[in-house]
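Colleague: Sequence:
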Amino acid sequence: GLVLVAPNGVGRRDGSGTWNAGGCCGEAMTSGSDDVRFVGAVLDDAIRKARVDAGRVYVAGLSNGAMLTHRVAIAYPQRLAGAAVVAGALFGGEPPPRMPVPILIMHGMKDQVVGFDGGMSPTRMVARAQSKPFEPVSRAVDFWRRANGCGGAPDVTTRGDVTTEISKNCVAGGEVRFYRLASAGHGWPGAGGAGAAGQRDDGIDATGVIWDFFKTHARGVGQQPTTY
Numbered sequence: 001g002l003v004l005v006a007p008n009g010v011g012r013r014d015g016s017g018t019w020n021a022g023g024c025c026g027e028a029m030t031s032g033s034d035d036v037r038f039v040g041a042v043l044d045d046a047i048r049k050a051r052v053d054a055g056r057v058y059v060a061g062l063s064n065g066a067m068l069t070h071r072v073a074i075a076y077p078q079r080l081a082g083a084a085v086v087a088g089a090l091f092g093g094e095p096p097p098r099m100p101v102p103i104l105i106m107h108g109m110k111d112q113v114v115g116f117d118g119g120m121s122p123t124r125m126v127a128r129a130q131s132k133p134f135e136p137v138s139r140a141v142d143f144w145r146r147a148n149g150c151g152g153a154p155d156v157t158t159r160g161d162v163t164t165e166i167s168k169n170c171v172a173g174g175e176v177r178f179y180r181l182a183s184a185g186h187g188w189p190g191a192g193g194a195g196a197a198g199q200r201d202d203g204i205d206a207t208g209v210i211w212d213f214f215k216t217h218a219r220g221v222g223q224q225p226t227t228y
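So the sequence shown is residues 1 to 228, counted in the working numbering.
The list that follows gives simulated cross-link-like pairs (lysine to any residue, SDA-like), each with its CA atoms no further than 20 Å apart:
{"#": "1", "residue 1": "Lys-215", "residue 2": "Asp-205"}
{"#": "2", "residue 1": "Lys-132", "residue 2": "Met-120"}
{"#": "3", "residue 1": "Lys-215", "residue 2": "Arg-51"}
{"#": "4", "residue 1": "Lys-215", "residue 2": "Tyr-58"}
{"#": "5", "residue 1": "Lys-110", "residue 2": "Thr-163"}
{"#": "6", "residue 1": "Lys-215", "residue 2": "Ile-47"}
{"#": "7", "residue 1": "Lys-168", "residue 2": "His-217"}
{"#": "8", "residue 1": "Lys-168", "residue 2": "Gly-220"}
{"#": "9", "residue 1": "Lys-215", "residue 2": "Gly-1"}
{"#": "10", "residue 1": "Lys-132", "residue 2": "Gly-23"}
{"#": "11", "residue 1": "Lys-132", "residue 2": "Thr-30"}
{"#": "12", "residue 1": "Lys-215", "residue 2": "Glu-165"}
{"#": "13", "residue 1": "Lys-132", "residue 2": "Ser-33"}
{"#": "14", "residue 1": "Lys-132", "residue 2": "Glu-94"}
{"#": "15", "residue 1": "Lys-49", "residue 2": "Arg-37"}
{"#": "16", "residue 1": "Lys-168", "residue 2": "Arg-98"}
{"#": "17", "residue 1": "Lys-168", "residue 2": "Gly-151"}
{"#": "18", "residue 1": "Lys-215", "residue 2": "Gly-173"}
{"#": "19", "residue 1": "Lys-49", "residue 2": "Val-5"}
{"#": "20", "residue 1": "Lys-132", "residue 2": "Gly-119"}
{"#": "21", "residue 1": "Lys-110", "residue 2": "Gly-203"}
{"#": "22", "residue 1": "Lys-215", "residue 2": "Asp-53"}
{"#": "23", "residue 1": "Lys-168", "residue 2": "Thr-216"}
{"#": "24", "residue 1": "Lys-168", "residue 2": "Thr-158"}
{"#": "25", "residue 1": "Lys-215", "residue 2": "Gln-78"}
{"#": "26", "residue 1": "Lys-132", "residue 2": "Val-36"}
{"#": "27", "residue 1": "Lys-132", "residue 2": "Asp-117"}
{"#": "28", "residue 1": "Lys-49", "residue 2": "Ala-6"}
{"#": "29", "residue 1": "Lys-110", "residue 2": "Thr-158"}
Hints are computed from structural coordinates only; laboratory data are not their basis.
Given the structure is predicted, the values throughout are model-derived calculations rather than measurements.
Let's have the full structure, built from the sequences with the hints guiding it.
Modeller: Following this line, the structure appears as structure tokens:
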């Protein structure tokens, strides 16, 4: 079976809490909440209480949660079999993880909350919650290709408004998949509705795509960090 863990962020309890992703967001950031450590504790709890397979632990997030997903994957690469980032960003200056992490990155080019080209958010409320500008999405993709030791050019395919770049020639199975959605805005593609600011989601099913990606990756329990 599948065990799904969906913790709440700091602040309001209506699903609109925030996570401390370093350069964003809101109360979690300003209070210095150690959300990376919190997620690590949640993983410990899930493995102990729910009998989760320690070799098949995955983390995924949207927006601020995707920013935290980047940080968790950097901090706990030996614990994760894969990660997925939807409409998130890095802030620059992040250290590389100690070992490769298979990762999927998905982002809409018309995102008006976490801009595809980086910078302060075009959405005033979000910009006020930032302490640093977002890095362009391309830099996050390049960061993980370097971190995972990926060589050569990625395999690129385009179907409609969806361009997929797959890097598989990486160290220790550290695959990087990047989905660039030409018409999508800010939201979870395939969840229904128009998404933030009325922008459509490109018709791609993020949940199905991410789960298919996760199913192809497992972490050897006790696998040690690699030097390369």
